[in-house]
Amino acid sequence: MEDMGRKIVRWIVTIFILGTVLAALQRLLMPKYMDDVLEGGMIQEYYDERKDHDVIFIGDCELYENISPAVLWEEYGINSYIRGSAEQLIWQSYYLMEETFKYEKPEVVVFNILSLKYNEPQKESYNRMTLDGMKWSMPKVKSILASMTEEESFIEYVFPILRYHSRWNQLIPEDFKYFWKKEDVTFNGYYMRVDALPAENVPAGRPLADYQFGDNAYKYLDMMTELCRENDVELVLVKAPSLYPYWYDQWEQQMEDYAAGHGLKYYNFLEVTEEIGLDFNEDTYDGGLHLNLWGAEKLSRYFGEILARDCGLESRRGEEALEREWEKKLADYRAEIERQKKFYGLQSAR
Amino acid sequence: MFFTSYEFLGFVGVLFLVYYLVPKKVQWMLLLAASWIFYAAADPRFLIYILATTVTIYFTARIIERDQERQTAYLREHKAEMDRDGKKSYKESRHRVRFRWLLLGLLINLGILATLKYANFFISNVNGIMNAFGGTERLSFVTLVLPMGISFYTFQALGYLIDVYRGTVPAEKNFFRFALFVSFFPQLVQGPISRFDDLSRTLYAEHVFDARTVSFGLQRMLWGYFKKMVIADRILPALSCIIDAPGEYHGAYAFVGMLFYTVQLYADFTGGIDITIGIAQVLGIRLQENFETPYFSMSLKEYWRRWHITMGTWFKDYLFYPISICKPMQKISKFSRNHLGKKIGMRLPVYLSSFVVWFATGFWHGASWNFVVWGLANYFVLMISEELEPLYGRFHKRFRFSNTRLYNIFQVARTFLLISVLKMFDCYSDIGTTFRMFGSMFTAKNWNILWNGALLELGITAGDYGVLAAGAVLFVIIGILHRRGGVRERIAARPYPVRAVVWSVLFLAVLLFGAYGIGYDASQFIYNRF
Chain W
0 MEDMGRKIVR
10 WIVTIFILGT
20 VLAALQRLLM
30 PKYMDDVLEG
40 GMIQEYYDER
50 KDHDVIFIGD
60 CELYENISPA
70 VLWEEYGINS
80 YIRGSAEQLI
90 WQSYYLMEET
100 FKYEKPEVVV
110 FNILSLKYNE
120 PQKESYNRMT
130 LDGMKWSMPK
140 VKSILASMTE
150 EESFIEYVFP
160 ILRYHSRWNQ
170 LIPEDFKYFW
180 KKEDVTFNGY
190 YMRVDALPAE
200 NVPAGRPLAD
210 YQFGDNAYKY
220 LDMMTELCRE
230 NDVELVLVKA
240 PSLYPYWYDQ
250 WEQQMEDYAA
260 GHGLKYYNFL
270 EVTEEIGLDF
280 NEDTYDGGLH
290 LNLWGAEKLS
300 RYFGEILARD
310 CGLESRRGEE
320 ALEREWEKKL
330 ADYRAEIERQ
340 KKFYGLQSAR
Chain U
0 MFFTSYEFLG
10 FVGVLFLVYY
20 LVPKKVQWML
30 LLAASWIFYA
40 AADPRFLIYI
50 LATTVTIYFT
60 ARIIERDQER
70 QTAYLREHKA
80 EMDRDGKKSY
90 KESRHRVRFR
100 WLLLGLLINL
110 GILATLKYAN
120 FFISNVNGIM
130 NAFGGTERLS
140 FVTLVLPMGI
150 SFYTFQALGY
160 LIDVYRGTVP
170 AEKNFFRFAL
180 FVSFFPQLVQ
190 GPISRFDDLS
200 RTLYAEHVFD
210 ARTVSFGLQR
220 MLWGYFKKMV
230 IADRILPALS
240 CIIDAPGEYH
250 GAYAFVGMLF
260 YTVQLYADFT
270 GGIDITIGIA
280 QVLGIRLQEN
290 FETPYFSMSL
300 KEYWRRWHIT
310 MGTWFKDYLF
320 YPISICKPMQ
330 KISKFSRNHL
340 GKKIGMRLPV
350 YLSSFVVWFA
360 TGFWHGASWN
370 FVVWGLANYF
380 VLMISEELEP
390 LYGRFHKRFR
400 FSNTRLYNIF
410 QVARTFLLIS
420 VLKMFDCYSD
430 IGTTFRMFGS
440 MFTAKNWNIL
450 WNGALLELGI
460 TAGDYGVLAA
470 GAVLFVIIGI
480 LHRRGGVRER
490 IAARPYPVRA
500 VVWSVLFLAV
510 LLFGAYGIGY
520 DASQFIYNRF
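These protein sequence lines are chains W and U, in that order.
Residues 0 to 349, numbered by numbering that gives the first Met the number 0, are exactly what the first sequence covers, in order.
Residues 0 to 529, numbered by numbering that gives the first Met the number 0, are exactly what the second sequence covers, in order.
Errors might be hidden in some of the hints.
[What the hints assert, rightly or not] To be clear about the criterion: a stretch of chain U counts as covered by chain W if any three or more of its residues have a C-beta under 8 Å from a C-beta of chain W, and this derived list gives those stretches: (1) 455-464; (2) 508-514.
[Claimed, not checked] Only some residues are given here: those of chain U computed to face chain W with a beta carbon under 7 Å: (3) Y5; (4) Y495; (5) A499; (6) S503; (7) I517.
The hints are simulated quantities; they were obtained by calculation from the structure and are not laboratory data.
None of the values given here were measured: they were computed from a predicted structure.
Here a beta-carbon is modelled for each residue, glycine too, at the ideal position from N, C-alpha and C.
All chains should be modelled from the sequences, with the hints used to inform the complete structure.
Printed below as a string of structure tokens:
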């Protein structure tokens, strides 16, 4: 009996040590997304936030690179956050929305509709950037199941070491540097770039065989609409003013019809670039795909006014705790602008 | 469901658990269900073929045994009435009947195998012959499924049928128990080719959970996964790079490719067998060993006693001996003894039988001429070695150094190189290319690839080479330890912390360095296709 007891203790100790080693290896091997590709580190930053936002933006790079929550706060007193990730698919947006509503009920959710063009799972690497950062919950499970490509296995999401084991061969200093703690790479979900690359030779859209958005994409848009309705949250659809990927007239028509049919607000910022004041020689950092800081701030000022006016969002400036929080965030935001200006040699430019 | 897939690990994990929870009497039924599920998961159509083999062999074996029983009863009943000649004539007539049933069983199953595996090979050869004679007609190739491990289960079932015919094993009366013998899932993928008298002892027995047996089985599986995933699959990209473009990768590359293939094949095949035997061991079932450190052999003959043992003994028992002692062979032997002398007369039947065996061995490995040439190349080397045996004897007597350890190491290295060269026929799958690549090694001017970094452009990194080198060293150490006694037993005799560290490190090595998951193509075991 005593011998059996000893054996059990030995097994428990062994499993504990092996489990700890495995957990440490998994932590080491998982990409940190801190130095080069930052887009994979954004989703998890939300969990450290105080969750009483007025507006939650959900979508892909057309949101997290084009909207600055700092400007919305500074100019309109709107407390907002962007739950964005690279090539975020519409079902991922839906499940992020479902998860967000477990934490908070914002006044408005803004969804960028470009992802409607995808009707089925796309790339594993992009899936990872959205899904790895999510905390475990039913929305995460459902999002994984909806997103997996044929080559993926659910168990690799449960135990990411099974996915990233081969990175032992590609470990870089950042893997060790950020082993214990990662730093925020966004400003309330906003991914900042201050450099500029003029939009020249933007390719025209190639004719498509079928312009109809897929059934699956529409299914999730319907689910979003319904979820917002159930939670008494206003859903606002937007199309960001990115010149590429091309936004077809046929797509635009479908969105206008959908919004009208479901009583939703829809804003296509591509149609009002002049009104916003965007100059694609200066306000984009990658030739028109995404706005840089200056473009994002212009768009945020423009959209902030719409949110305040059309959605009735009132300024929360003056709320002490929130002010304190934003004071710190704005300081970081400004410091990052200065750091990037220096980095890109833009000290005297703006 | 590959052995290396998550699904398979989940499948065996659940099976292990349920196996020891269900009543002991139904354990074998659970195994049969699991085996059929495993097989159907690969392709439900496969089940039709394995069931066809099961049904035909089961009934022919039963008929043969019943006939034998009837014969015995008849002779007992009519003992007084029959004289010696009458008995003999009766026995011969019954024997002919049983032989016809045996033949029927063999023809049906070899027919299935030949049709599914070799139909297109024959068509391509017929087309080649017609083309050579100026014919313009072409036979169309046929699209047929090739059931997983068909050569393995067919040979295993045929071995059983022949044993029943010979009266060395009793026919299994329960159809489902026999079905389990044919389709026991771990060995469906790549063997070993079990014998009924050996496997049935443990396959149908009731097994009580034994921690030591289960842990030994799991350890064996882990070692198999290490060989397959850390070594075989890691070296695969470089190997494919070399053999898929012989025009670009020749000379020193061909030499490197040859060595890579020898290592890859060993790690892949023995790794698979380790997993197979390990799974069986966890279930309390003992499977026959298929390898005995073959690359430590000092001659090709010894190598073939240590490599793919169950296939070798199958061919020996069911092909070599029957051919050696058949009437035509006896006539040839007699004729050659009379006309060519006693020495040749004794050897000729052996050489002729061996020729057939090696031709069949080559053909069994694959439906293409390169496998036949590979088999016959082995045959010629073995026969030449046999002929030179007296010369070796004199050499060893004359030179004392030939009995030293250093010379033994030389013999091992020489045999390893010889095996590697012969495997090139298997590796390149084209006879002309094999000869060209072999020749290019002797005219190569690109030996600098061994140190100028060119090997890092074959799809594997310096880190991969490091893992492979460490794996190769581990192979050698384990091989040496294995020859001195059981490795797992030795480890089990060490204190608990040592054991825990050894197995944990091996587990972590498979987990980290294994070639699996996204970015790696899950490669099937090479012998799976046979």
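- So which hints don't hold here, by number, going up? Structure breaks no hint.
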